[in-house]
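Starting from the given sequences, assemble the full structure and let the hints guide the process.
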Amino acid sequence: MHPLVLTFLIFGIPAAIGLTWVFLRGSSGLRSYITTRVALTIPMILILATVVFLVMRVIPGSPIDSTLGPKGTPEIKERFAEQHGLNDPLAVQYGRFVADVFTLDFGNSLIGSQRPIVDELGERLPATLEMVIPATLLALGLGVFLGTRAGVRRKSATDYSSRIFSVMIYAMPIFWLGLLFQLIFGVWLGWTPIAGRIDPSIPLERTTNLLIVDSIITANWAALRSVLAHLILPTLTLGLVLSGVFLRLTRINVIETGQEDYVASARARGISQGTITRKYSLKNAMIPVITLIGLQVAILLAGAVLTETVFAWPGMGRYLIQRILSRDFTAVQSVIVFFALFVALISLAVDILYSLLDPRVRY
Amino acid sequence: MTEPDLLEAPPEEQWQVDLERVGFMRRILNGRKWYGVDWWMVVISSIMVSFFIFIAFFPGLLATYDPLEQVGPRFLPPGETPDTEVLLLHVDSPIESLADLAGLGRVPTAVVQGAPSSEDIRSEAERATEELAAAGSDDRVRLRMVRLETLEEVLEAVETGEVELAAASSQQVEPLLEAYPDVVIAGSITGEKGGKAFPLGTNQIGQDVLSRLSWGARVALTIGFTASIFSFAIGVPLGLFAGFTGGKLDRGMTLVMDSLYAFPGLILAIAIAAVLGPSIFNIIVAIGVLYIPTYYRIVRGQTLSTKEGLHVEAAKSIGATKTSILRRYIFPLVVPSVAIIFSVNIADAILTGAALSFLGLGLPPTTPDWGIDLARGQEFIQRAWWLITFPGIAVMLVVLAFTMLGEGLTEIFNPKLRKQ
Numbered sequence: 001m002h003p004l005v006l007t008f009l010i011f012g013i014p015a016a017i018g019l020t021w022v023f024l025r026g027s028s029g030l031r032s033y034i035t036t037r038v039a040l041t042i043p044m045i046l047i048l049a050t051v052v053f054l055v056m057r058v059i060p061g062s063p064i065d066s067t068l069g070p071k072g073t074p075e076i077k078e079r080f081a082e083q084h085g086l087n088d089p090l091a092v093q094y095g096r097f098v099a100d101v102f103t104l105d106f107g108n109s110l111i112g113s114q115r116p117i118v119d120e121l122g123e124r125l126p127a128t129l130e131m132v133i134p135a136t137l138l139a140l141g142l143g144v145f146l147g148t149r150a151g152v153r154r155k156s157a158t159d160y161s162s163r164i165f166s167v168m169i170y171a172m173p174i175f176w177l178g179l180l181f182q183l184i185f186g187v188w189l190g191w192t193p194i195a196g197r198i199d200p201s202i203p204l205e206r207t208t209n210l211l212i213v214d215s216i217i218t219a220n221w222a223a224l225r226s227v228l229a230h231l232i233l234p235t236l237t238l239g240l241v242l243s244g245v246f247l248r249l250t251r252i253n254v255i256e257t258g259q260e261d262y263v264a265s266a267r268a269r270g271i272s273q274g275t276i277t278r279k280y281s282l283k284n285a286m287i288p289v290i291t292l293i294g295l296q297v298a299i300l301l302a303g304a305v306l307t308e309t310v311f312a313w314p315g316m317g318r319y320l321i322q323r324i325l326s327r328d329f330t331a332v333q334s335v336i337v338f339f340a341l342f343v344a345l346i347s348l349a350v351d352i353l354y355s356l357l358d359p360r361v362r363y
Numbered sequence: 001m002t003e004p005d006l007l008e009a010p011p012e013e014q015w016q017v018d019l020e021r022v023g024f025m026r027r028i029l030n031g032r033k034w035y036g037v038d039w040w041m042v043v044i045s046s047i048m049v050s051f052f053i054f055i056a057f058f059p060g061l062l063a064t065y066d067p068l069e070q071v072g073p074r075f076l077p078p079g080e081t082p083d084t085e086v087l088l089l090h091v092d093s094p095i096e097s098l099a100d101l102a103g104l105g106r107v108p109t110a111v112v113q114g115a116p117s118s119e120d121i122r123s124e125a126e127r128a129t130e131e132l133a134a135a136g137s138d139d140r141v142r143l144r145m146v147r148l149e150t151l152e153e154v155l156e157a158v159e160t161g162e163v164e165l166a167a168a169s170s171q172q173v174e175p176l177l178e179a180y181p182d183v184v185i186a187g188s189i190t191g192e193k194g195g196k197a198f199p200l201g202t203n204q205i206g207q208d209v210l211s212r213l214s215w216g217a218r219v220a221l222t223i224g225f226t227a228s229i230f231s232f233a234i235g236v237p238l239g240l241f242a243g244f245t246g247g248k249l250d251r252g253m254t255l256v257m258d259s260l261y262a263f264p265g266l267i268l269a270i271a272i273a274a275v276l277g278p279s280i281f282n283i284i285v286a287i288g289v290l291y292i293p294t295y296y297r298i299v300r301g302q303t304l305s306t307k308e309g310l311h312v313e314a315a316k317s318i319g320a321t322k323t324s325i326l327r328r329y330i331f332p333l334v335v336p337s338v339a340i341i342f343s344v345n346i347a348d349a350i351l352t353g354a355a356l357s358f359l360g361l362g363l364p365p366t367t368p369d370w371g372i373d374l375a376r377g378q379e380f381i382q383r384a385w386w387l388i389t390f391p392g393i394a395v396m397l398v399v400l401a402f403t404m405l406g407e408g409l410t411e412i413f414n415p416k417l418r419k420q
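From first to last, the protein sequence lines are chains A and B. Position one of the first sequence corresponds to residue 1 (our numbering), numbered consecutively onward. Position one of the second sequence corresponds to residue 1 (our numbering), numbered consecutively onward.
No wet-lab data here; the hints were simulated from the structure. Think of the CB as a built atom: it goes at the ideal place given N, C-alpha and C, for glycine as much as any other residue. Any given hint might turn out to be false.
[As the list claims (entries may be wrong)] Computed list of chain B residues with no C-beta within reach of chain A, every gap over 10 Å:
#1 R106
#2 D120
#3 E131
#4 E149
#5 S259
#6 E313
#7 A315
#8 F342
#9 F358
#10 E411
[As the list claims (entries may be wrong)] Just so you have them, the derived chain A footprint on chain B, three or more residues with Cβ under 8 Å:
#11 264 to 271
#12 350 to 356
[Claimed, not checked] What follows is a set of in silico ranges between Cβ atoms, one per label pair, in the way DEER data are often shown:
#13 K279/A to F58/B: 42 to 48 Å
#14 S337/B to P203/A: 57 to 63 Å
#15 E126/B to T192/A: 50 to 56 Å
Structural data, given as structure tokens:
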């Protein structure tokens with residue numbers, strides 16, 4: 001089976017089951033919210049695809065020049081334009097492009113093996129997911145934990161040090177943090193590998209291209225160990241950078257909810273501070289944090305591009321950069337559209353999750 | 001029933017009262033008392049920002065060398081003097097440089113067998129002879145090479161006076177020198193006093209890292225400022241217009257801007273930069289486009305709430321035109337909140353610019369730029385830690401300075417936002 005399909009199944013089936021369950025059990029208000037939100041995703045994808053289309057076609061520097069470079073003679077350029085339908089009117093090109101986006105048919109790569117781009121993405125997307133998901137979990141865990149502590153004990157040493165941490169981490173270029181980790185843990189201490197997903201000398205049969213899943217289903221423990229060791233530094237880099245924002249938001253929200261009347265009355269009833277934090281403040285403070293996950297997807301993907309470049313991680317971001325540098329215009333356009341699809345789907349998922357947590361959110 | 005005094009509004013704090021009374025400068029000058037940590041943030045970060053702007057205008061003050069030229073040996077660690085060939089003499093020797101040997105006949109000179117020192121000192125002696133000839137003297141500098149097995153033997157020979165002088169590499173000699181109290185280094189064989197040290201080392205092609213850093217400040221700040229002005233100049237009018245007119249146009253524009261905002265900015269900038277090709281102007285456009293929605297969203301929101309204000313209604317009722325309402329009653333109230341974002345926006349633009357050039361997309365590859373230096377440094381991470389350390393610190397400090405300035409100013413000028 002195509003790895004891209006497999007990946008979609010692995011993540012899509014639970015999501016679909018969850019969505020159906022929510023849809024059947026939820027109130028009519030929730031149901032109409034979800035329907036509207038799902039319907040709104042389509043114009044969002046369309047707009048993003050259009051932006052990509054415009055950026056790639058309309059601004060100066062045509063795809064022909066950027067693919068062929070200065071070497072292309074007029075005849076070669078003409079043939080290239082004819083082959084790729086670049087001589088058609090812009091509206092026709094646009095229609096074809098949108099149709100391709102919705103059928104996920106991205107055409108073939110222009111260079112090298114000229115494989116279908118969907119196949120390439122099938123190898124790259126799982127790699128990116130394998131790094132991005134643990135990084136998000138790390139960021140969320142660390143950010144919420146430190147943010148709660150800082151918010152509960154305001155103006156303590158914990159508070160100031162976590163604020164300094166979040167400012168520093170915001171100012172730190174993510175690729176530089178990655179380089180520092182490589183230097184310290186990889187080169188000086190020699191604890192972790194600094195590049196790639198797995199030791200190339202370890203054989204591993206790839207079915208899903210999620211190497212953790214692959215090594216578990218084939219019971220290949222040596223491979224699993226290698227995969228996990230390679231995962232440490234990229235996850236740490238991306239996770240730490242993202243955690244700063246979560247920390248700040250959690251802290252502010254815990255402080256704000258801590259001043260609410262219901263917290264004061266809980267305190268007056270003699271409920272312990274720990275219980276108040278867990279059951280009263282944190283639950284309400286989490287609502288904006290969940291929204292933030294949706295907004296963070298953009299930062300997450302941008303961070304993933306840089307992290308993948310630093311750690312030679314064969315994911316979507318590195319593919320994008322490689323194809324840009326080798327002037328493979330079709331591939332570049334497809335990857336960017338794919339990113340747009342990804343963003344649209346994640347923000348859909350987050351909004352639905354949000355509407356479950358906060359019954360005030362309805363259309 | 002509640003006690004009546006609980007229903008009264010809490011007394012206003014002193015800083016709020018003061019704020020009503022004094023002007024702009026007093027606000028800042030009294031800041032330390034009122035704003036505590038935030039005031040310090042603003043002071044420290046404005047000093048840092050001014051420093052970086054100063055460096056961007058006069059990079060030559062920090063950079064002693066041309067950032068594009070090879071000025072030293074490759075991979076010289078920070079602060080270390082490069083390895084040079086030095087003259088070794090006996091403490092009592094009257095000789096100071098090779099020129100003093102003129103007319104003394106063939107002077108016995110010790111070198112380590114096979115070391116480059118013997119070739120170097122011989123050619124240096126010939127050069128000294130030529131200089132003497134040019135000055136009208138017939139004397140010649142002549143050396144008789146005494147080739148010895150080890151450096152210790154060479155030092156021994158100078159110590160005992162067996163040879164008049166010796167030549168060896170400075171890095172090899174220095175650790176051994178303690179054991180031979182009568183031997184001194186008379187400077188490099190060319191007559192200069194030792195090699196030059198580079199405070200932050202040199203890179204893989206012998207360029208001075210510090211010089212590249214300070215010229216890089218100019219590139220980074222140019223990108224940061226110009227890109228932010230670009231987004232400001234487009235985002236603010238669009239936001240004002242959309243917020244003021246409302247209706248379908250507003251909804252359409254907001255949908256587009258929101259989609260742009262949701263899209264990973266760096267990836268959009270990558271796409272634009274890739275299509276436009278590498279140049280500083282193109283990178284500015286790529287980054288500028290990215291931050292238009294940031295300004296648009298804030299200005300539109302502010303305009304929406306401001307246009308409901310009583311003063312706008314009053315202006316309408318006395319027959320002010322739409323343009324003058326927009327220009328004189330809305331714009332002045334909207335702009336302060338944008339001005340504060342501007343500083344944070346510069347920080348973001350610098351970060352994105354560094355990321356783009358790190359990826360090899362933004363600038364021509366020889367530009368002295370922090371991102372490019374980091375990308376190059378990564379190739380040599382195993383042997384030269386300083387190549388990736390210092391440009392990264394530079395990016396971080398600049399971004400930190402602009403972010404802290406923006407956030408500190410927000411707290412000071414929007415006291416309503418201060419959370420108790």
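Are there hints from earlier that the structure breaks, and if so, what are their numbers?
5, 9, 13
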